[in-house]
Every structure is written in C-alpha cells, then in structure tokens.
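First to last, the sequence lines map onto chains A and B. Residue numbering for the first sequence follows the working numbering, starting at 180 and increasing by one per position. Residue numbering for the second sequence follows the working numbering, starting at 502 and increasing by one per position.
Mixed in with the good hints there might be a few duds.
[What the hints assert, rightly or not] With a straight-line Cα cutoff of 25 Å, these simulated BS3-like cross-link-like pairs (lysine-lysine) come out:
hint : chain 1 : residue 1 : chain 2 : residue 2
1    : A       : K306      : B       : K510
2    : B       : K630      : A       : K306
3    : A       : K303      : B       : K603
4    : A       : K239      : A       : K254
Rather than coming from a laboratory, the hints here were simulated on the basis of the structure.
Read off the chains here:
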Amino acid sequence: MGRFILKRLVFSLPLLLGITFLTFLFIQIAPGDFLDKLRLNPQVSQDAIQLYEQKFHLDKPLMVQYFVWLRNILKGDFGYSFSFKAKVFDVVSSRLFNTFILSLSALIFTWIFVIPLGVIAALKRNKFTDRFLSFTSYLGISAPSFFLAFIFLYLATFTSWLPLGGMRSIRFEEFSLLGKIIDIGKHLIIPTLVLSLGSICVLQRIMRANLLEVLGSPYILGAKARGLPRVRILYIHALKNALNPMITIFGYQFSALLSGAALVEIIIGWPGLGVVTLEAVRSQDIYLVMGSVLAGGALLILGNLVADILLGFLDPRIRYEKT
Amino acid sequence: MRILKEIIKNKAGRIALLVLVLLYFSVIFAPFFAPYPYDDDDVLHSYTPPTKIHFLNLKEKQFGPFIYGQTYEVSEYYQRIYQEDKSKIYPIKFFTKGFKYKFLGLWETDRHLFGVGEGKIYLLGADLKGRDIFTRILYGGRISLSIGLIGAAISLCIGLIIGGLSGYFGGRVDNITMRICEMVMMIPSFYLMLALRASFPPNLTSTQVYLLIIVILSFIGWASTARIIRGMAISLRENEYVYAAKAMGLSHFKIIIRHILPHTLSYALVAVVLRIPAYILGEASLSLIGLGIQDPEASWGNLLSSAMGIVNIRLFPWILIPGLFIVVTVVCFNMLGDTLRDILDPKRRIL
C-alpha cells in the first residue's frame with residue numbers, strides 16, 4: 180500500500196507542474212502586473228520599484244521566473260503576496276483550512292443522504308417515493324449553487340437562527356473553545372446545504388441505478404434461492420457491490436466540490452481559497468494566484484488518492500501491492 | 502424532423518421545447534416586448550417593487566388593466582417606502598408607441614407590446630438605478646442564452662476534431678492529447694476560469710468580454726467531449742467500410758469527416774444540449790463576480806450581482822428573479838437533453 184501511495188504521489192507531480200505552469204503562463208500573458216499600481220503611486224520611488232523587480236526577478240524572461248518560483252518552493256518559500264502584504268504560505272494555508280472544513284462538511288452531509296436515499300429509491304422503484312425523489316433531484320440538479328445560496332440567505336433573513344454569511348461571529352474571540360466550534364458550525368450550515376444539495380440529487384440517482392443493477396444480477400438470485408434473509412442479501416451482498424462505483428465518483432467529486440465551493444464562498448463570504456483566488460486574480464497578485472492554484476491542485480490529488488485507497492479496502496479484486 | 506416529432510410526443514420534451522422556444526423568441530424580439538431601453542435609468546424609482554396591475558376602480562370608472570402612479574416616503578432608516586398614488590391612473594395600452602428601436606436590426610419602429618404612457622411600469626421591479634428588471638432580463642437573455650448556444654457549439658467542434666483525430670490515428674498523438682484532456686478536466690473549472698480570465702486585461706469592451714467568455718468556456722468544455730468522441734472513433738475505425746475507404750485511397754482527413762464523425766453525431770447532439778446549461782452557468786458565475794459582462798450591459802449573471810449584499814436580498818427580493826430565469830432555462834435544457842437521449846439511444850435510460 181505504501182508503495183502504491185508513493186507511486187501515485189510521484190505521478191501526480193507532473194500534473195501539478197502542468198497546472199502551475201499553465202497558470203503562470205496565463206497570468207504573465209496578461210498586460211500589466213501588480214507593480215503597475217505602485218508605479219502610478221507618486222510616493223513610491225523608481226528605485227524601490229526596481230528593487231522589487233530585481234527581488235522577484237520580474238525583469239527576467241518568463242521561463243526563468245517560473246523556475247525561480249519552483250526553486251523557491253523546494254526551499255519552502257512560496258513567495259510574497261503584494262495585496263495582503265504577507266507571505267503567500269500564511270495567507271493560503273489559513274484559507275485552505277477554511278475551504279477544507281467547508282468541503283469536508285459538505286462531503287459528509289452529501290454522503291449521509293446519498294446512500295440511504297439511493298437505497299430507498301431503488302427499493303421503491305417506480306412507486307411514489309421514487310418518482311418524488313426523481314422529480315426533486317431534477318430540480319436540484321438544475322438549480323445552480325449560487326442561486327441556492329441566494330435563496331437560502333434570503334430565507335435565513337426571516338429567522339434569526341442562522342448567521343447570514345461569514346465564518347465567525349463578531350464576538351468570536353470572546354467565546355470558549357466549545358463556543359467557537361458551535362459558532363463555526365452554525366456558520367457552516369448554509370454553505371454546506373447549498374453545496375451538498377446538488378450532488379445529493381445527482382449521486383442519489385446513480386446510487387439507485389447501481390443498486391438496481393446489482394439486485395438484478397444472478398448471484399443475488401442465487402442467494403434468494405438459497406433462502407438467505409432479505410435484509411442480509413440487501414445490506415451485505417448487494418449494497419457492498421453497489422458502493423464500489425460510488426467511491427470512484429467520491430474522488431472526482433472533490434474537484435467539482437472545490438470548484439463549486441469557490442463561488443459559494445464568495446457569495447456567502449466564507450473566507451476560503453475561492454475568495455483569495457478571486458482577489459488575487461483581480462489585483463494580479465501573481466504568487467498568490469500560483470499559491471492558491473497549487474493548494475487547490477494538491478487538495479484535488481489528495482481527494483483522488485483517498486478514493487483509490489478506500490476502493491482498495493472495499494474491493495478485494497483490487498490489490499495495489501502487485502501493480 | 503423525425504426527432505422533432507418524437508420530442509413533441511414526449512410530455513417532458515414538449516414542455517421543455519415550448520418554454521425554450523418562448524424564451525428565445527422573447528429575447529430575440531426583446532425591444533418589442535420591453536417597455537423601456539435596457540439602460541433607461543430613473544433615480545426617482547430606485548428599487549421600486551414590482552408594480553401591481555389593477556383591473557377595476559369604481560370611483561374613477563376605470564376598467565381593464567391599469568396601474569397607479571407612485572410616490573414615496575423616506576422612513577426613519579432613510580429607506581424609501583413606495584406607495585401607490587391613487588389619484589393618478591395610467592391604463593396599460595397594448596401595441597403602443599414607445600422608444601425607437603430597429604426591429605430585428607432591419608427597419609426602425611417604435612411599437613411595443615405594452616406601455617403606460619406617462620407612468621412607469623415595473624413588472625418585476627427596478628434595480629438600484631431605477632432600471633426595469635423585466636426589460637433587463639429580456640436584454641440580458643440575449644447574452645446569456647446566446648453564449649450557451651455558441652459556446653456549446655464551438656466546444657463541440659473542437660471536441661469532434663480533436664477527439665476524431667486522436668481516436669483515428671491513435672498512438673502517440675492519442676496519448677498526448679488525452680493527457681492534455683485529463684489535465685484540463687482535472688483542474689477545478691472555476692479556478693481555470695479565473696486563471697484564464699486573468700490572462701486578459703480587466704477593462705475590455707462589452708463585445709470583447711462577450712467573445713472572451715465564449716473562448717474561455719469553450720476552452721474548459723472541449724475536453725470531456727473530445728474524450729468520448731475519441732472512444733467512439735477508436736471503435737469506428739475498425740469498421741470494414743473504413744478499411745474499404747482506405748483501400749480506395751481516400752485521404753485520412755476525408756475518412757474522418759465522411760465516415761467517422763457522422764456516426765458520432767447523435768451522441769454529439771445530446772452532448773450539446775446537455776452542455777448548454779454549463780455555459781449559461783459559466784457566464785452567469787463570471788458576470789456575478791464582476792469579471793464578465795459589465796454594468797450598463799445586462800446579462801442574467803450580472804443582474805444577480807446586485808444581490809451580493811445580504812441587505813439587498815432582504816429588502817428587495819425581486820432582484821433574485823433573474824436567477825429564476827436561469828433555473829428555468831437550465832431545467833428545460835436538461836429535460837430536452839434527457840428526452841433526446843432517450844429518443845436517440847433507448848438503451849441508456851438511467852435518470
């Protein structure tokens with residue numbers, strides 16, 4: 180298993196390199212850079228700007244700049260954010276954690292519902308429950324996350340139960356540890372709902388289709404013929420096999436979730452990676468953009484890796500040792 | 502034609518098609534249906550709620566649809582509270598004269614579906630600058646709805662060409678293009694969109710932004726189509742008629758165009774319809790965060806951007822209506838796509 184993980188990580192390096200290089204290229208193609216603002220500022224002397232240019236190698240050709248950036252990363256230096264006036268590592272790591280909390284809670288919430296709903300829909304196939312779930316999932320698939328975010332915020336304004344956006348209350352620092360956790364938990368509710376509704380709808384249908392396919396297979400018929408209890412057939416024999424394809428989806432879902440989370444973060448005001456990236460792109464804060472793209476990519480690779488490992492545990496046909 | 506008939510036979514397909522045709526129709530003739538020009542602002546009507554349409558006033562002996570005039574008071578929180586001014590009555594006239602526009606860009610006219618003369622009618626309320634949201638939805642739909650069609654069509658073309666080439670030739674070409682595809686597909690699309698947008702100057706004209714959004718969205722969308730077309734091309738190239746065409750000395754290019762791609766078309770049609778929502782949403786999200794269509798111009802995403810403040814949503818909920826249009830459009834395209842898939846490929850009825 181260890182060798183497999185190592186192998187996967189090594190193979191994902193070119194992907195990260197590709198993503199970061201593309202991003203670097205895109206930003207450098209854009210006319211102007213973050214120093215333009217400083218150049219327009221009469222209080223900043225020409226010498227200071229030149230110093231900046233030298234320090235960050237902005238006067239060098241594009242490829243050189245990229246490799247300087249790479250070399251610095253190997254040294255653990257992720258560069259300097261001009262708009263936040265802080266090290267990129269500090270800015271991104273705190274935001275990455277926030278995004279991670281949000282994605283994780285959405286992920287958990289999604290999967291708590293997907294499997295039972297899928298099973299129910301499959302068992303009540305073509306009955307009212309199934310049709311109702313199918314109809315709602317249609318709406319859920321089609322409602323864009325940003326619109327759901329607006330709607331939930333609007334509904335939340337009528338009650339005072341839920342905070343309207345953000346991640347912490349104003350008096351957050353005064354709370355005890357438990358209070359802090361509860362406070363963040365409360366703020367999590369709306370973005371989690373918004374992010375998971377869509378995927379619950381889609382995945383629930385896939386789960387249903389998977390289970391129906393497994394239930395139609397000969398070995399289930401065999402188990403029935405041998406007189407095994409219905410519950411045992413369903414939950415031990417069928418469910419386990421119906422879950423396998425879902426786990427692959429689980430890995431890919433991470434990418435979609437990250438992407439969806441960014442927009443919802445911006446609307447709800449959750450201080451995550453999406454907000455920072457948007458800010459960085461707007462102000463052409465190059466190293467911050469690179470840092471957040473790198474962080475997003477790393478999170479993604481991690482998600483896929485976790486899915487593969489889970490699959491290895493659940494499916495005895497897959498043995499990573501031998502490959 | 503046969504496909505169209507089958508769609509109409511299907512209940513969901515019929516409804517979806519009808520709604521979409523209606524939407525596109527009203528958007529194409531936007532100036533005719535809209536009572537005001539899209540940038541017609543009026544500070545005195547900032548955030549007017551949707552105008553109530555009345556049908557009966559016995560005192561003034563007024564029948565038929567009409568609206569009252571409007572006055573406002575400033576509340577203790579310096580917020581305007583609009584009230585109906587019952588002394589002024591403006592009947593709604595149909596096929597009335599309004600602002601001048603070019604009908605379909607051909608001839609000048611000033612006829613509109615409806616108007617109220619001196620008064621101001623806001624069917625779906627007004628925005629900050631007192632512009633009619635109904636009008637702006639119609640004009641914005643021109644951008645949002647056309648970006649969906651054009652973007653999906655372009656990325657389909659790219660996907661067909663690249664997928665066809667790489668599936669047909671195989672080998673190293675195939676390997677490289679598929680790795681590139683995987684990379685594009687793996688990057689979270691929102692971040693890719695931001696990075697791509699970053700590579701262009703922020704202050705572009707509306708037309709430039711419009712074209713740019715199409716380019717960006719097609720760049721993101723081609724990969725998944727290309728992969729599936731490639732898969733089909735690999736199995737198609739082993740067919741006998743392809744060998745026959747090769748033996749007869751047809752060039753590779755012509756074989757791909759004439760014998761490979763036509764077989765993927767029914768899939769391609771479904772893919773286009775099912776992908777259009779992604780483009781509409783892509784444009785909406787870019788415009789929503791202020792990187793897409795800019796203010797005087799309208800698009801459904803950019804109309805929603807005024808809802809970014811929680812206070813605005815609470816006080817003026819009608820600014821969320823453009824979002825409803827997005828949802829309805831997306832639902833309809835999904836329904837249409839599913840119906841199409843069922844018609845073209847009856848084996849794959851999953852959802």
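Do the hints match the structure? See the list:
no. : hint               : verdict
1   : A:K306 with B:K510 : holds, 24 Å
2   : B:K630 with A:K306 : violated, 51 Å
3   : A:K303 with B:K603 : violated, 57 Å
4   : A:K239 with A:K254 : holds, 20 Å
Checked against the numbered hints given earlier, this structure breaks hints 2, 3; the rest are met.
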